[in-house]
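Participant: Respectively, the protein sequence lines represent chains A and B.
The first sequence begins at 1 in this note's numbering and counts up one residue at a time.
The second sequence begins at 1 in this note's numbering and counts up one residue at a time.
FYI, nobody ran anything at the bench for these hints, they're computed from the structure.
Careful: at least some of the hints might be erroneous.
As the list claims (entries may be wrong) - Taking lysine-lysine pairs in the BS3-like style, the calculated list, with each CA pair at most 27 Å apart, reads: (1) 371/B with 194/B; (2) 331/A with 138/B; (3) 336/B with 252/A.
Residues per chain are reported as follows:
2 protein chains.
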Amino acid sequence: MADNKGKMVEAITSMDENFAQWYTDVVLRAELIDYSSTRGCTILRPYGYAIWENIQKGLDAEFKRTGHENVAMPMFIPESLLQKEKDHVEGFAPEVAWVTHGGTEQLTERLCVRPTSETLFCDHYAHIIQSYRDLPKKYNQWCSVVRWEKTTRPFLRSVEFWWQEGHTAHATAEEAQAETLQMLDVYADFFEKKLAIPVIKGRKTDKEKFAGAIATYTIEAMMHDGKALQSGTSHNFGDGFAKAFNIQYTDKENKLQYVHQTSWGVSTRSIGAIIMVHGDDNGLVLPPFVAPIQVVIVPIAQHKPGVLDKAAELKSKLEGKFRVKVDDSDKMPGWKFAEYEMKGVPLRLEIGPRDIENNQCIIARRDNGEKITVSLDNLEEEVEKLLQAVHDGLYRKALESRDSRIYKATNYDEFKDIVANKPGLVKAMWCGDVECEMKIKEDTTATSRCMPYEQEQISDKCVCCGKEAKHMVIWGKAY
Amino acid sequence: MADNKGKMVEAITSMDENFAQWYTDVVLRAELIDYSSTRGCTILRPYGYAIWENIQKGLDAEFKRTGHENVAMPMFIPESLLQKEKDHVEGFAPEVAWVTHGGTEQLTERLCVRPTSETLFCDHYAHIIQSYRDLPKKYNQWCSVVRWEKTTRPFLRSVEFWWQEGHTAHATAEEAQAETLQMLDVYADFFEKKLAIPVIKGRKTDKEKFAGAIATYTIEAMMHDGKALQSGTSHNFGDGFAKAFNIQYTDKENKLQYVHQTSWGVSTRSIGAIIMVHGDDNGLVLPPFVAPIQVVIVPIAQHKPGVLDKAAELKSKLEGKFRVKVDDSDKMPGWKFAEYEMKGVPLRLEIGPRDIENNQCIIARRDNGEKITVSLDNLEEEVEKLLQAVHDGLYRKALESRDSRIYKATNYDEFKDIVANKPGLVKAMWCGDVECEMKIKEDTTATSRCMPYEQEQISDKCVCCGKEAKHMVIWGKAY
Numbered sequence: 001m002a003d004n005k006g007k008m009v010e011a012i013t014s015m016d017e018n019f020a021q022w023y024t025d026v027v028l029r030a031e032l033i034d035y036s037s038t039r040g041c042t043i044l045r046p047y048g049y050a051i052w053e054n055i056q057k058g059l060d061a062e063f064k065r066t067g068h069e070n071v072a073m074p075m076f077i078p079e080s081l082l083q084k085e086k087d088h089v090e091g092f093a094p095e096v097a098w099v100t101h102g103g104t105e106q107l108t109e110r111l112c113v114r115p116t117s118e119t120l121f122c123d124h125y126a127h128i129i130q131s132y133r134d135l136p137k138k139y140n141q142w143c144s145v146v147r148w149e150k151t152t153r154p155f156l157r158s159v160e161f162w163w164q165e166g167h168t169a170h171a172t173a174e175e176a177q178a179e180t181l182q183m184l185d186v187y188a189d190f191f192e193k194k195l196a197i198p199v200i201k202g203r204k205t206d207k208e209k210f211a212g213a214i215a216t217y218t219i220e221a222m223m224h225d226g227k228a229l230q231s232g233t234s235h236n237f238g239d240g241f242a243k244a245f246n247i248q249y250t251d252k253e254n255k256l257q258y259v260h261q262t263s264w265g266v267s268t269r270s271i272g273a274i275i276m277v278h279g280d281d282n283g284l285v286l287p288p289f290v291a292p293i294q295v296v297i298v299p300i301a302q303h304k305p306g307v308l309d310k311a312a313e314l315k316s317k318l319e320g321k322f323r324v325k326v327d328d329s330d331k332m333p334g335w336k337f338a339e340y341e342m343k344g345v346p347l348r349l350e351i352g353p354r355d356i357e358n359n360q361c362i363i364a365r366r367d368n369g370e371k372i373t374v375s376l377d378n379l380e381e382e383v384e385k386l387l388q389a390v391h392d393g394l395y396r397k398a399l400e401s402r403d404s405r406i407y408k409a410t411n412y413d414e415f416k417d418i419v420a421n422k423p424g425l426v427k428a429m430w431c432g433d434v435e436c437e438m439k440i441k442e443d444t445t446a447t448s449r450c451m452p453y454e455q456e457q458i459s460d461k462c463v464c465c466g467k468e469a470k471h472m473v474i475w476g477k478a479y
Numbered sequence: 001m002a003d004n005k006g007k008m009v010e011a012i013t014s015m016d017e018n019f020a021q022w023y024t025d026v027v028l029r030a031e032l033i034d035y036s037s038t039r040g041c042t043i044l045r046p047y048g049y050a051i052w053e054n055i056q057k058g059l060d061a062e063f064k065r066t067g068h069e070n071v072a073m074p075m076f077i078p079e080s081l082l083q084k085e086k087d088h089v090e091g092f093a094p095e096v097a098w099v100t101h102g103g104t105e106q107l108t109e110r111l112c113v114r115p116t117s118e119t120l121f122c123d124h125y126a127h128i129i130q131s132y133r134d135l136p137k138k139y140n141q142w143c144s145v146v147r148w149e150k151t152t153r154p155f156l157r158s159v160e161f162w163w164q165e166g167h168t169a170h171a172t173a174e175e176a177q178a179e180t181l182q183m184l185d186v187y188a189d190f191f192e193k194k195l196a197i198p199v200i201k202g203r204k205t206d207k208e209k210f211a212g213a214i215a216t217y218t219i220e221a222m223m224h225d226g227k228a229l230q231s232g233t234s235h236n237f238g239d240g241f242a243k244a245f246n247i248q249y250t251d252k253e254n255k256l257q258y259v260h261q262t263s264w265g266v267s268t269r270s271i272g273a274i275i276m277v278h279g280d281d282n283g284l285v286l287p288p289f290v291a292p293i294q295v296v297i298v299p300i301a302q303h304k305p306g307v308l309d310k311a312a313e314l315k316s317k318l319e320g321k322f323r324v325k326v327d328d329s330d331k332m333p334g335w336k337f338a339e340y341e342m343k344g345v346p347l348r349l350e351i352g353p354r355d356i357e358n359n360q361c362i363i364a365r366r367d368n369g370e371k372i373t374v375s376l377d378n379l380e381e382e383v384e385k386l387l388q389a390v391h392d393g394l395y396r397k398a399l400e401s402r403d404s405r406i407y408k409a410t411n412y413d414e415f416k417d418i419v420a421n422k423p424g425l426v427k428a429m430w431c432g433d434v435e436c437e438m439k440i441k442e443d444t445t446a447t448s449r450c451m452p453y454e455q456e457q458i459s460d461k462c463v464c465c466g467k468e469a470k471h472m473v474i475w476g477k478a479y
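Isolated chain A, as found in the complex:
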């Protein structure tokens, strides 16, 4: 924050003392977000937005690789259009912002600010799809959406948030299902290989699925405090929206058919996941792929001749390949160390007069604090290796932390005891009845996160009612 300039970085709340306060401290002190004068809406500051830009670049490349095209839809949905699909309007109407006036005049029909854009895409698809030759249509848009949330938290739940929403239309149910699963895989790979966050892939129960979908798939991640964060979802709509919006095509036999649709999204919530999975008591810890600064060069005794020149030389050596910054401000090195630790920069490179003499530098890893002496002769390869090591280290640590806190429960007392006393997730069998799901939520506040792809036969019986079990479910408290 601007008012910290010139003084040493103040300590933030410790994670284990007060995780919620720690989270807010990190978000503000790492300058990711500022609050705005609009209730529940935040400002993405340059450092926070730069992380989002890197996420966008990574995902957008994957969407294009898998044959998707970007478009831009209006931000407003006429009320009558929102109402066309029954389940969808029931799910979203209670939480939308309504525009009722344009200038000084009252509108004849209210417009809602998009909470999601299925209805707009369907309306467009009904207009542009006529023949099987027009299929598939695989569109995506990057935008912000609005949901009138009462209680909000930076990145996790806000009135406005930024995301991408993919919307596709296919000739057959099989193609739509394959697309739904493919995009969940794209998300899972991105979280694991770029954000260093292990995820559990699974299907949502009917109670938890998207309003209007026949099936919702999810990737669920575990945060430092043991709570789950739904990190990306992919929905198969079947032909429900197509029937509501009359999206038909003539097939090769010249018969009219309804299209089958999907949608899928990842949002700025993913930044919340990065913070809560990798962060520590010194602040943010960023996976190298998204870090706006991957290497910060801190000159030591920078008033001594040659030091700043050498720092600049190392920067120009690295910057073709990495995102590098030299901090040659007049702050003390210790202050700079603390500041870039707060900001989660993966590698700090220290260079002083003695290092120059020895043709070396010191590199400190943000993830584990390790300091390594590196020869300047093969700096680029070393930096590349160390960034990979940081990524791998973060992933391994997150995976161990998660796996050590996934429990199994075979009866309801055990289940309740775990939820009450052990932060983490619980695997337990379920009969498939929504009544059990609701009872569990009421008794414990844990919700069904998903029915994982990797099913295990923990017992034969539903953990709640004791009837025959149909699925293994992962349960947990969630953001």
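Following the hints, position chain B against chain A.
Facilitator: Leaving out everything else, chain B in the frame of chain A:
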């Protein structure tokens, strides 16, 4: 359009017969835009959005090169915040969309959907700027904004449009003025060097300046029909907003000072300019920098052995450096030619059995129809040269077309005659009084486009009232 599939491309309205209809035909038939069910809002289709993505990439690199950082602000502005700067609210309040309800509940304060974000940036700057060390702040955001326009046209005037808005805060008036002019130069260079559109740089009269600015600078381009299009603007706010929002910093002498601010923007209107400057009776003509497809490869007699393989080979040869597509669909080559001409693809590469025998191909330029036989041995260099030639050809043609239609008027009869009878722009002297500006608009519908940087002394007297002249103004009918 989807319903054209399988038949030959239908002719569009001729430009000279009905320019407005030609424009609409091109926008729809090149699949840039579709109308939506939300009044005055359009959909940017994949081909239109890809042009916008290329514009974004080009401008964003320039913004970063000149030291700007991207952020994201809320889309809503509380009414009380919009009202803080008097001129600004007067300018924008009559044309904003108002959110009055969140879910089922009426808001205690209305929110407007941002028509522009000065007030949000000021509110944030007041929060984060304390000391001279915090300056300058040079932010930009890419987003859409909303203005409740009554009559709309794709890209040129719509209820929602996409743009970037830069907002900066500086310690001194001189720095703010330098920033204002620098960003106008960035825009002018981008239009000329990337979009091949010549522009006139100048300052707006007080009547035409931005609501709340002390000076507005503009780049004005001439469309095929002789009308002007304001293509980018850069505003110097002085310390007016700073005083209204109390944005102060302590200087090096520890005294409180107000910041000096600027803002500047370019929008999807620029796509309208591309269409109306370069387009012809065969459709869109795209400058290579923004073309989603720079080279389309059309195989000739593609059922003959080796043709499709060769087409694929040429594609893989070119695609590292250029945006290339092979159209191997079963449509007739003539249909493909017409389709990619409609879409404005700069180069069409034809490859057939005889070409393969001769180790050559035919390349047709979209800008002038020229067909060149090119050896496959140095294809990459030839394509590079030809793309540059297309850019240069487009720019030269646009410049000649514009310069041949800029007239000079030394008396009012001459002025009125030119505006009435000669499509184009008129240079004439002006006394500086708003009364003359308003009389000219009322008498002729021409408005003052700008006071160009390059002033000429056409006469001593105001073309309207005959009093002493202060500035040369460019006048014209405008979009």
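Participant: For which of the previously enumerated hints does the structure constitute a violation, in increasing order of number?
Facilitator: The structure breaks none of the hints.
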